[in-house]
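K.L.:
Mind docking chain B on chain A? Use the hints.
Number of protein chains: 2
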Amino acid sequence: MLGNFSYHNATKLYFGDDSLQYLNEELPKYGKTVQLIYGGGSVKRNGIYDAVVEILKANGKTVVEDAGVMPNPTVEKLREGVRIARENHVDLLLAMGGGSCCDYAKAVSVSVHCDDDPWEKYYVRFEEPDCEIVPVACILTMAGTGSEMNAGAVITNHEQKLKIGHVFGEEVMPKFSILNPKFTFSLPKRQMVAGIYDIFNHICEQYFSGEDDNTSDYLAEALMRSVVHSSLIAVENPEDYEARSNIMWSATWALNTLISRGKSTDWMVHMLGQAVGAVTDATHGMTLAAVSLPYYRTIMPYGEKKFARFATEVWRVNPEGKSDRELAEAGLEALENWMKQIGVAMNITELGASEDVIEDIADATIILDGGYKVLTRDEVVRILRESL
Amino acid sequence: MLGNFSYHNATKLYFGDDSLQYLNEELPKYGKTVQLIYGGGSVKRNGIYDAVVEILKANGKTVVEDAGVMPNPTVEKLREGVRIARENHVDLLLAMGGGSCCDYAKAVSVSVHCDDDPWEKYYVRFEEPDCEIVPVACILTMAGTGSEMNAGAVITNHEQKLKIGHVFGEEVMPKFSILNPKFTFSLPKRQMVAGIYDIFNHICEQYFSGEDDNTSDYLAEALMRSVVHSSLIAVENPEDYEARSNIMWSATWALNTLISRGKSTDWMVHMLGQAVGAVTDATHGMTLAAVSLPYYRTIMPYGEKKFARFATEVWRVNPEGKSDRELAEAGLEALENWMKQIGVAMNITELGASEDVIEDIADATIILDGGYKVLTRDEVVRILRESL
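If you read the sequences in order, they're chains A and B.
In this text, residue positions in the first sequence follow the UniProt record's numbering: the first is 1, and each later residue adds one.
In this text, residue positions in the second sequence follow the UniProt record's numbering: the first is 1, and each later residue adds one.
Just so you know, the hints here were simulated from the structure itself, not pulled from any lab data.
It is possible that part of the hints are untrue.
Copies of the same chain look alike in the list, so a pair counts if it fits in one copy or across any two.
[Stated by the list, open to error] No more than 27 Å apart at the CA atoms, straight line, and that leaves these computed lysine-lysine pairs for DSS-like:
1) K175 - K12
2) K373 - K44
3) K12 - K305
4) K29 - K175
5) K29 - K12
6) K305 - K322
7) K322 - K182
8) K44 - K175
9) K161 - K57
10) K12 - K373
11) K32 - K44
12) K340 - K44
Bound conformation, chain A alone (with noise of 0.2 Å):
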């Protein structure tokens, strides 16, 4: 741990197959009016709005629908669901859903008393907010992003082509969130098995950087592996208590700060994903996905020791006679069975993407610089070829 750094996440979370009723102890600290956020009619059809609803009125709230949050919210949805909190002078954005829901109410909750453009202050200039913002609170229906207790919030400009995240400071984090197991059971398994992948990523990218020895990189190894561990259970029985709850709460630990504490991090996966998904609109975790592999291998020899460490420390290749190149290919062949055995996109292709939009995706990359290689222009459209 030889940075200095601070850690605070003052988040509550429930957690649990009867962490709903807890709603109860949380919407007395709030004002009348709710907004409540939601994507498509999935949690209309599961039973899991009514719920939330009756528990809002019993409560004496006002309710305030703003419905149809996409996969990938949009800047014009954003702008939306900010005028939809002004003139209805709400006092808690109530987000049920997934990733996607809780980062667009992050948003929303920055910009509701802020006169500029949300895109243009955050997501280009980026700004911080400096205006009152409004509070938070998450229902995950979907593990996978961590945004219940963390202050990022990714929003698309299709326009742009661009999907970008902000993560704000400790003020934007949900005031508490309500993790229920159960309600990520009806998740079609694509979508569940999307948001495995981005869990592991998001360890990925907080491990893969930094060469001291750092208890963050004992945590991350931990959770990778239990992560691994309930997923093979859970592609197989997605109605696995133990093993989607492990799930559930690594996701939460795997960005909610904890495991990058004294430590650089890499975070170009997700800029390739995000990359893909501003131009062809595919699912997160599975954008991840596609670019994995070739990121990985075209970085691993400038941070062979850490993939050595990845091989034996996660997956338990046996060192024996081995050298870390060696040790650090076996990890990521290692990677690339359980990626095949758990079904994620092993490329960009079977996500709609071909060579003719190489180079838009190649410009919608930022290139960042915590890795253990910054990428030439080159490079990424090298990785992004070699992920078709």
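P.N.:
Chain B in isolation, oriented as in the chain A frame:
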């Protein structure tokens, strides 16, 4: 994660060799009068006292001295601290030291505005605070107890030969804690080692319980591996910043409620060790070390699978050709070897106990039921004899 639970830990941590300066950011949030809590003269000798007082004065604070907090804070000292806080109408209790100072500050915090005797209220009747709580903050100079990010407070009553911990609610957790690994450099080696074993055992207490697959156990294994790795470096070179910083960070996460989420816990080594401490006044971590192996060898047959997992996951014992029992035994052997390597107390005789206080210690031992085997009183006595 089969249980229902909540997680909320709002302590803000400032970590690193530059972290003391953040006291300047926090102090303006609190009133004028600060009760400065510390132990003996070590913080004066190593300059930490002067540095802290300078910052307090620069922020216009009135400093009320509360020195002489002993390694096992007594009920008499607690009553004195409460008197000091009342007489001076203090606004912030600032503990500067290790777990004893932080624990003591928390015990004072819930007693200042309460009419009842604190021992009777919190350590006999185990009530919860129903009065205003004075905010607590910690400047840590010793890694071990995790007190800097939890709501526990252990107090010793020598007259009654009792050393009892009360884990309060989240409202008693420190508002902020400052963790500078360099502040731990001047600690005598024996104290450092006792702290390291305390950390390790906190993790064991939460690990050796429950049968399900639980992400918390993976995180526990990660912390154990990080502590073992860094401890071997730190005993060779106590000024290895990397090792000391990993130990300090692991200590915090070993006992801030994270790794006990969704599972049962044991805590019998602490019950035995605290009873030894109440009778001998020996260093907390050493009392835990001295009773650990006889205790774990007693319960191991009842939790064989978990002890086998402990062997392969923490100590990387090769499972090939070994039964669970053989693995479990090999894991405890690895633990014993590591304990000898870092130099903890291996028996209670060297802590001043002898056959003639065994019954006293057994009388002071509270028997809990969260572990793999609920001990009988005879087993307590046998474990203590085997610890001689």
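K.L.:
Determine for every hint whether it applies to the structure shown.
P.N.:
Verification of the hints:
{"no.": "1", "hint": "K175 - K12", "result": "both (6 Å within a copy, 15 Å between copies)"}
{"no.": "2", "hint": "K373 - K44", "result": "neither (46 Å within a copy, 47 Å between copies)"}
{"no.": "3", "hint": "K12 - K305", "result": "neither (37 Å within a copy, 33 Å between copies)"}
{"no.": "4", "hint": "K29 - K175", "result": "both (10 Å within a copy, 21 Å between copies)"}
{"no.": "5", "hint": "K29 - K12", "result": "both (13 Å within a copy, 22 Å between copies)"}
{"no.": "6", "hint": "K305 - K322", "result": "within (12 Å within a copy, 31 Å between copies)"}
{"no.": "7", "hint": "K322 - K182", "result": "neither (43 Å within a copy, 38 Å between copies)"}
{"no.": "8", "hint": "K44 - K175", "result": "within (24 Å within a copy, 41 Å between copies)"}
{"no.": "9", "hint": "K161 - K57", "result": "neither (40 Å within a copy, 54 Å between copies)"}
{"no.": "10", "hint": "K12 - K373", "result": "neither (37 Å within a copy, 33 Å between copies)"}
{"no.": "11", "hint": "K32 - K44", "result": "within (23 Å within a copy, 54 Å between copies)"}
{"no.": "12", "hint": "K340 - K44", "result": "neither (33 Å within a copy, 60 Å between copies)"}
Checked against the numbered hints above, the structure breaks hints 2, 3, 7, 9, 10, 12 and satisfies the rest.
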